[in-house]
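Listed below are the residues making up each chain.
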Amino acid sequence: MSSERVLIHAYGVLERRTGLPEWPPGIAGAPIHTVEVEPLVAITSVLPYEEYEPAAWERHADDAAWLGSIATAHHRVLQSAVSAGDVVPFRLPSLYGGVEALRDAVNDQASNIAQAMERISDRVEWAVKVYRTDQSAATDKESEAARTGRDYLVARSREQQSRAEADTFVHDRARACYDRISEASVEAVRNTPQDPVLSGRREPMVLNAAFLVDRAVQSDFRGLVDEIAKGSASDGLLVEASGPWPAYNFASLPHADTAVDPA
Amino acid sequence: MSVSTTTASSDVALIDLLDRVIGGGVVVSGDIVIGIADVDLIYLGLRLVLAPAHEVEDSVGLTRRRST
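Heads up: the protein sequence lines correspond to chains A and B, in order. In terms of my numbering, the first sequence opens at residue 190 and continues consecutively. In terms of my numbering, the second sequence opens at residue 34 and continues consecutively.
Hints in this document: simulated from the structure, not taken from any laboratory.
Facing chain A, a subset of chain B residues (Cβ under 7 Å, in silico):
1. Ile48
2. Leu50
3. Leu51
4. Ile55
5. Gly57
6. Gly58
7. Val59
8. Gly63
9. Ile67
10. Leu79
We put the CB at the ideal spot given by N, CA and C, even for glycine.
Turn these sequences into a full structure, and let the hints guide you.
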């Protein structure tokens, strides 16, 4: 037995009755081990301490490739878990000094995890993003073509007004998409739209939403999004869905256990 | 426009992964503690690091539009 110091990384937990998938390689190619923490099963890998201890995270604070490879492996494992059954994903980083420390941490959070498990039971996450494709290049040309200063000002003011109207229209349409899709889901959340610099897309994102969807109605859900996508194209909206994701957006609990409204 | 359904990790944008694996999921702090504040800093730092990869083409367009 090697005396090298190690860390346990936990990807998430499953219920014991859940079937196990064929696991892909974990972080840094480490194999996946399951650890029973009654009544759950934790999905884990053993990692070398020096490379993943807190100081290592600080060292790699601006290293997108390093964190990207961890995030990718973490997701890949959870993605294969969600294909077999429900999984409560753990937020990165999720590191423990040993199996007993992992058991203690999971037991400490047992009620939160149970709540999350109940919330996502037989459900998966779908993401829907809406991009704006109607960027008004035409009006730019129009104002450049205006000859006199007065023409320019009139054209410019018209352009600003029509832009404001177009903005309102697009955001109303995006909101309508969200509302309609929400009705086909159990829960819905709107996240901040990604900046074009981060999304890598030229089109501005106007909706970045996640939906918790019953596994049984996924094809209906996709059908609805597809229909909305087709109907929205002429409004200058590009609707894209991806999924099924592990329920990352619906496993964290801060807003789930707030006081119940008397109404 | 058809609905895309890829969540295979090789096809997912890094920002989408980070938003989920660092921004979401249940928090189960172990004994190897990396404070949430530290993680948030790493996350914000990474968002900045990720930006330049896509910045060049877009910033040209934006600059031109702003200067008219």
